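*Asks:* So you can see what is in the structure, the chains are spelled out below.
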Amino acid sequence: MSSGTENGSHGGHLHYGMVIDLDKCTGCGACSVACQEENNISFRADESDKLRGISWLTLYRLENGKEYPAYRAISLPRPCMHCSGGHDSPCTYVCPVNATKRDPETGLVNHIPVRCIGCRYCMVACPYHARSFNWWDPVWPDPLTKMLTPEVSPRMRGVIEKCTFCGHRLNRARDQARVAGEDPKMVAYTPACVEACPTKAMVFGNLKDPQSEAAKLAKDPRAFQILAKLNTDPSVYYLSKEQWVHKLSDNDL
Amino acid sequence: MSVGRRAFLQFVGGAVGGTLLSPLPWKLADDSAIWSQNWSWRPSPERGEFTEKPSVCQLCPSACGILVRLVNGKQAVRIRGNSNHPFSKGGICPLGASGLQFVYAPYRIREPLKQTGTRGDPNGFKPISWDEALKEMGTRLAALRQENKAPSVAVITGQSRGSMSDLWRQFMTAYGSPNLFTMPDESDSQRLAARLAFGAAAPFTFAFERADYVLSFGLNLLDGWGPFVRMQNVFSNWRTESAGAVQTELVQIEGRASVTASKANQWVAVNPGTEALFALGLAYVLIESNLYDAGFMTDQVFGFDNWTDAAGNSHEGFKQFVLKHYSPDQVSKETGATAEEIIAIGRKFGAQKSALAVWGQGRGTHASNLYHDLAFMALNLLKGNLKNNGLVSLETPPPFAPLPEAAAVSSTAEGLAGTRLDLASSAKPPLPGNALHSFCDALGGSPAYPLELLLVHEANPAYTMAEPSLFRKAAAKTRMVVSFASTMDETAAMADLILPNHSPLERLDDIIGLPATPCAFYAIAAPVLAPQLDTRSSGDVLLTLARAAGEATAKALPWNNYETFLKDRVKGLAASQRGAVAGPTAVNLTTMQAGQNLQPNYKSDSDLWKKLLAGACWYDAPGDHLATLPTASGLIELACRSLPLAPGQAADDKLFLPHYQPLPPSGAADQFPLQLVTYQTVTVAAGLHPNPPFMNKLIPDDLLLGNEMFVEIHPRTAQQLQLADKARVVVQTPQGEAAARVRITHAARPGYVFMAQGFGHKNQDEYVRGKGVNANELVEVQLDPLTGLGTVWITRAQLRKA
Amino acid sequence: MDKALIPDGVKRCPLPLFGLWLLVLLAIIGWGVYAGLSVLIQGLNITGLNNYFGFGLYICADLAIIALGAGAFFSGFLYYGMSRFFPVLKEELQKIINLAVIVGFCCYTGALAVLLLEIGQPIRGWFGYWHANVHSMLTEVIFCISCYAIVLVIEYLPIVLENRKLDAIRGVHFFGHSLHEAMAIFALTGTFLSFFHQGSLGGVPGVMFGRPFAFRTGFFVWPWTFFLFTLSAIACGPSFTALICKAVEGVTRKRLVDRSVYELIAKISGTALLIYFVLKCADTLYWALDTAPGFGLKLSDFYQEPYGMWLLVAELGVGGLLPVILLLTPNLGTSNGLLFLGFFLNCFGICVNRFAMTVEAIAIPVMPFDRWAFYTPTWAEWAPVIAMLAYGTLIISLSYRYLPVFPQEKKLNVR
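Chains as they are written, first to last, in the numbering used here: chain A, 838 to 1090; chain B, 2 to 803; chain C, 18 to 432.
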């Protein structure tokens, strides 16, 4: 890329990121359920068409390709990668209406559904398939509407949605910091998925704070990013001691 | 004319131009955009103040601590883990996180219902008032007792770890019926095994936290077995590198690449159902290589060496028996593992300082063959794991005050007194357990006496029981089936009367003991929501019925309501002055000693009650089960000489000893060349609660696509059957047949068909029903001749193109 | 009946026959409108699109039709701009320039209508203008296409005003005449706009740096696809106009332009296609040998049935090299069949290219552990696209019948 100087989140001292230990993850899906509940993600009676469903945090199955009984499979939870590549994120670069933007202060890539016109360009541009389109009007059968949380507005038909690293939780944490008279800028918070994980395989924090667990783990020899060769520089790191898992993280490794 | 046209055109042109220059189109464009951002049919969540209430999850026996977020104190919107809970530590499973989808499930039962049509008619249910329903039930119970037909009332409860099951037991004892069953569970056979060996009927517990080498025989430790979140925590610790700490190694012995097998340090693939044989092969290696705890085996264990009975007959001991029959070469063929593997694992197991063997089937929802439980126990004995404070122990119940004495049964019909229906026949097993399958089998066949009333509480045997047709046949022979279900599940749908219970988060309930966890445990699940519908707590309902059923039951169950009963229990617990309430600092199972005296940190019984209601849980160190062994020898009896055997049988020494004893499956091998094994995954709820919509998103599309489910087969099996991936097939077993599609994968063992449980619901709503088929319908249950318990291992099967 | 509206001195089929033809076209358009309304009311779930194929037939057809409609801008550019240096262009292109404009008009307005269906929230589609993200290639596309569509309306207007009846009105005549005078400015504005948005359309896939099939970087200006798209549109636009012209000639069984026009277009189209072909081959090679390996991918990784290597062969061989030969070989030029086959294959090749850059580009799963997915358009996608073609046919039919589209018609059809 010619204009690699335009830095996204590389300026400040704050860059929220996530590290997911695949050696610990058992693929139970608690993270995904917590995410769905936290973010009012709609569901349909038939969720087996994976290409039409809405999922902010998808569990992928990775297989080592060997024969029984050398066969192994693991789960890989994939939230939005909140790419922090030099130029821009693949999605934020292409959105014609500025409905998705990267916050240079935090590294978070947001998405504003009411701004979105549903052109799906961002979805096409994202190599991680982190974005889902609302193909249908969301319907919660009565009385399941009662469990919709007011913190995140349900989306309407015809727009894109994706993981926000629970941006509303960041806002909540900042509000609390303000009330407590602390610096609202550098607050620590935890997204719903990380909070739910029963194996503590997910760690969230400031990647630029060398003292944070996330930053330390991101430098672990077991750490890798998915599709690092695309220079998207995801804010989500994965840990695995398995070579075959590393091999599956990018093409031609 | 032409002037008119021109004028018209000018007018149109002017109007268009004028409108465009006016703010109108821009305002319209803006307004319509705003409208599109606020479509009225998009639900808008109620806004308001957030509060958070602690409780304990009741959706599985894990009893995880939860925090429920409420909007304006009345709408629950979110469940998250409670980090103050000593065992779940803030973790939660997908089912627990989906809990609100059961409270707000559209398929909940709104009020008491009475079937007015034929049984099973979905349109036949008519609402009936609580007063009317309870009056009818009370009258019926009283009448049956009056007519000396008390045993013709049976109860099945799925809530085996809670005061509700004690309350049912109290009721049934006072009422005079022995026909009380809990839903099948692996602890059913473990209790009997422990009774033989330790003289105490309690399930085993495992100190995973202290082990450095764990051999898991078919137990899906990470796929949802037992104390789910505790296991996830334990596994997480195993995989956390910390300076100086020993990394625990997990070895999985299983036929299928489950999550546990995939995440284990080593996976040994064996023929499903031969795990116990593998364990005996390891016992051979330990004995032969002298890697066992010889001192313990001689001093504390009876029957390791040859022994002599009271009559002076000498019998073969375990040592000689194993060395004779279970050498690696002998074991290798049938298990499918190589002799080298067996020797290597046996030596490693023997050499490790804290090696633990755990066993069970999948998620532990079936009882095991008694001899197999004993075989796995024997392997642990050889390692000295059952020493005081060892890695394996027996579950310790909390020291409750005893319940009021239930009046002895006095007035039951002649010849039936105290005889459980399944034990009334001539072929009575010597060591009967919680044999629901035998009961259903007896009732569905030609029962010794007819059943008038079957009460089903917090259970859905018509769906979750292996071979549920046994239950359906039994229910068909019962005059009246009453369900306490809170949702319209398969069993509720075939009931004659439904007395709906509150949903878990609406009711006050308790949890006694955590499965397989080496400490005593008690927690109260406080209600976080007011009841949403016209339902009643089954505890209250049962107490009302007890008052109506007769004097004996009224006396034995003197509490006004269920809350008073629970308060009474907590009072007893507080009076024992044992145990402590777990605060923010987690219970350390690594350092807790058996018999250790914890300092009670509650002031009074009301203080304890308050703390428990606030989500804290009571715990206590496990008891020292070796202090006084009530066995005949005063030792752990590896040779089960207390086993009541038929006179002729005793000639065979093997009958006293743990041994491999597969029950042959029915059906001809040429007609059914494959073997069907069912399994459970953590992402598909297969128990009382069906898969909630949230979890539907977790099901991969090569397990469920549309309404078709997939069975797993190995590529070689597929090749032999000439099946392509995704091919539609019919899975047939001697029990029945079902349509499915095949997923060809190296996760499956050649020659086997693996089928997931949790699909094929028939009721509930469109988010649940009609997806796939219920694997339980296809499996074959075999009754263990020793205990009468229904066991499930292998079912012969064939696959053919659909 | 409609004699008064038909240009002077030319013969047209009887009105009932024409009416029947219009009915057929209107029926097809009606079907497309019904499909379009269904999409608007029920949502995009009735299409075959999904989260992996966010772009499908709508976008593919839009890109293709806009490329094919490029005849308007390029002919205009040659006619008004380049003819200063090459007078022959003025003389020859004058014979077909009207048709080129009409085809361009149909293509762009039709494409805009389909584009409205493509977005999930058409009601607030205008956010593209209001909240524009200047980085986004789609912003550039939205602006340029709508501006150029306006230019085409302006260019089409004087042709409409040449209708005998309208022209008889003094004011209209004067207005039309003035527009004609100013047409060079509009044509060159159009050229400018079109040059950019054809390029931006190439930029749409070209800037997706997370999508190794589409992403391009290297010499020229980043990304190459920008210029390749412009060039390919230049190559196929005139060919498409020629094909349409031939089709009108076929249907009306008349000669409407000199053969020299076709020969000129063959030369222009052929030359442009040759340049494009060479550059596209260079692009493909550079991409296959440098860009893609940089992402860890081999050429063969991108092609899996049904999106197999045959697409590359169809695009560059059948739709690239073959038409270059057909259009540029002088001897072959004498055969009508081969000449128009050349035009057709040229258009075909570009359509395949647009398909490759939209649908196929997103078919390859980038994450190595992901699976290939496939896309099949549904009737709700086919209907509006077919209706768009019917709409173009309708406009051309009406224009041909009532407007003096072909200045040579009278001369070439003297009995």
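Worth double-checking, as some hints may not be accurate.
Said to hold, decoys possible - Straight-line distance between alpha carbons at most 25 angstroms, and here's what the computed DSS-like set of lysine-lysine pairs gives: (1) K903(A) <-> K263(C); (2) K284(C) <-> K107(C); (3) K284(C) <-> K315(C); (4) K320(B) <-> K1078(A); (5) K1066(A) <-> K284(C); (6) K320(B) <-> K334(B); (7) K334(B) <-> K903(A); (8) K887(A) <-> K320(B); (9) K1084(A) <-> K263(C).
I should point out that these hints are in silico values taken from the structure, not numbers from a laboratory. Fair warning: this is a prediction, and the values are worked out from it, not measured in the lab.
*Asks:* If a hint holds in the structure, say so; if it doesn't, say that too.
*Replies:* Consistency of the hints with the structure:
1. Between the alpha carbons of K903(A) and K263(C) the distance comes to roughly 60 angstroms, so the proposed pair goes past 25 angstroms and is violated.
2. Using a Cα cut-off of 25 angstroms, the hinted pair K284(C) and K107(C) holds, with the two alpha carbons roughly 15 angstroms apart.
3. A threshold of 25 angstroms between alpha carbons decides the hint, and for K284(C) with K315(C) the separation of about 36 angstroms lies outside it, so the pair is violated.
4. Distance hint between K320(B) and K1078(A) is unfulfilled; the C-alpha atoms sit about 41 angstroms from each other, more than 25 angstroms.
5. Proximity of K1066(A) to K284(C) is assessed by CA-CA distance (about 43 angstroms); at most 25 angstroms being required, the pair is judged violated.
6. Between K320(B) and K334(B) the alpha-carbon distance is near 22 angstroms, which keeps this suggested pair within the 25 angstroms criterion.
7. A C-alpha spacing of about 24 angstroms is found between K334(B) and K903(A), which places the hinted pair at or below 25 angstroms, so the restraint holds.
8. A hinted pair counts as satisfied when its Cα atoms are at most 25 angstroms apart, and K887(A) with K320(B) does not qualify at roughly 56 angstroms.
9. The hinted pair formed by K1084(A) and K263(C) fails the criterion: a straight-line CA distance of about 56 angstroms is larger than 25 angstroms.
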